[in-house]
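Novice: Please model the complete structure; the sequences and the hints are all you need to start from.
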Amino acid sequence: MSDDSSRSWLALGRLLFGLGVALQAAEDFRDMEDAIEYAESAGVPAPDLLAPLASGMMLVGGLGTAFWRLPRVSTGAVATFLAVVTPTMHDFWNADPDDKSGERLAFFGNLAMFGGAIAYLREAYSGD
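Residues 10 to 137 in the working numbering are what the sequence shown lists, from first letter to last.
Incorrect hints may have been included.
To be verified - Taking lysine to any residue pairs in the SDA-like style, the calculated list, with each CA pair at most 25 angstroms apart, reads:
no., residue 1, residue 2
1, K109, N119
2, K109, E49
3, K109, S15
4, K109, A92
5, K109, A51
6, K109, F123
7, K109, A44
8, K109, T97
9, K109, A20
10, K109, G52
11, K109, L21
12, K109, S135
13, K109, G85
14, K109, P56
15, K109, L25
16, K109, L24
17, K109, P96
18, K109, S17
Said to hold, decoys possible - Pairwise CB distance ranges (calculated):
no., residue 1, residue 2, range
19, D105, E36, 22 to 28 angstroms
20, R113, E46, 16 to 22 angstroms
21, G29, P96, 18 to 24 angstroms
22, D43, R113, 17 to 23 angstroms
23, L79, D57, 23 to 29 angstroms
Calculated from the structure, these hints are not laboratory results.
Backbone N, C-alpha and C fix where the C-beta goes; we use that ideal spot for every residue, glycine too.
Specialist: Below, the structure written as structure tokens:
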């Protein structure tokens with residue numbers, strides 16, 4: 010595969026990944042009361058402040074990754090968010106039996122996104 014073709018596929022992957030992250034964050038903003046309530050139920054301190062802050066970080070990070078603006082900051086924000094939120098908010102191993110399946114699905118979805126964020130973070134630091 011040619012170098013230009015590889016770069017085009019990489020840019021398409023970044024665009025799709027970043028927009029997916031940003032759109033997920035936008036959904037949190039559409040129903041922030043539920044996001045705050047969920048954070049509160051997980052024991053997040055100051056959920057009224059941290060839930061909107063985290064959603065904003067994901068929105069800006071996702072858009073920055075999608076359009077490759079400030080790539081170290083944007084991909085770092087996404088990776089940091091996922092590294093913290095995935096095991097703490099989606100700890101399916103401690104979830105009630107009724108919630109276990111949904112939390113497991115969210116955990117593994119976030120784990121996959123975390124893998125993508127790490128790959129794009131590496132790209133941001135490689136200078137390609």
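Novice: Each of the hints needs a verdict: does it hold here or not?
Specialist: Okay, the hints, checked on the actual structure:
Between K109 and N119 the CA atoms are separated by roughly 15 angstroms; this keeps the pair inside 25 angstroms, and the hint holds. Distance restraint check for K109 and E49: the Cα-Cα separation of roughly 18 angstroms lies within the 25 angstroms cut-off, and the hinted pair is therefore satisfied. In summary, the hint linking K109 to S15 is not supported, as the alpha carbons are separated by about 39 angstroms, beyond the 25 angstroms threshold. In summary, the hint linking K109 to A92 is supported, as the alpha carbons are separated by about 20 angstroms, within the 25 angstroms threshold.
Pair hint K109 plus A51 holds up; C-alpha atoms about 14 angstroms apart against a cutoff of 25 angstroms. Straight-line distance between C-alpha atoms of K109 and F123 comes to about 21 angstroms, which keeps the hinted pair within the 25 angstroms bound. For the hint pairing K109 with A44, the CA-to-CA distance comes to about 18 angstroms; that is within 25 angstroms, so the pair holds. Taken as a hint, the K109 and T97 pair is honoured in the structure, with Cα atoms around 14 angstroms apart against an allowance of 25 angstroms.
For the proposed pair K109 and A20, the alpha carbon gap of about 35 angstroms is over 25 angstroms, so the pair is violated. For the hint linking K109 to G52, the alpha-carbon distance of about 17 angstroms falls within 25 angstroms, and the restraint holds. With a CA separation close to 34 angstroms, the supplied pair K109 and L21 exceeds the 25 angstroms bound. For the suggested pair K109 and S135, the alpha carbons sit about 39 angstroms apart, so the restraint of at most 25 angstroms is broken.
Our distance criterion of 25 angstroms between C-alpha atoms is broken by K109 and G85, whose separation comes to about 29 angstroms. For the hint linking K109 to P56, the alpha-carbon distance of about 22 angstroms falls within 25 angstroms, and the restraint holds. Distance check on the hinted pair: K109 and L25 sit about 28 angstroms apart at the alpha-carbon level, beyond 25 angstroms; violated. Between K109 and L24 the CA atoms are separated by roughly 31 angstroms; this puts the pair beyond 25 angstroms, and the hint is violated.
Under the criterion of a C-alpha separation no larger than 25 angstroms, the hint pairing K109 with P96 is consistent with the structure, at around 13 angstroms. The hinted pair formed by K109 and S17 fails the criterion: a straight-line CA distance of about 39 angstroms is larger than 25 angstroms. Our hint of 22 to 28 angstroms for D105 and E36 holds, since their Cβ atoms are close to 23 angstroms apart. Judged by the Cβ atoms, the range 16 to 22 angstroms given for R113 and E46 holds: they are separated by roughly 21 angstroms.
The supplied range of 18 to 24 angstroms is met by G29 and P96, whose beta-carbon atoms lie about 21 angstroms from each other. Checking the proposed 17 to 23 angstroms range against D43 and R113 shows it holds: the Cβ atoms sit about 20 angstroms from each other. Against the hinted window of 23 to 29 angstroms, the Cβ-Cβ separation of L79 and D57 comes to about 28 angstroms, which satisfies the hint.
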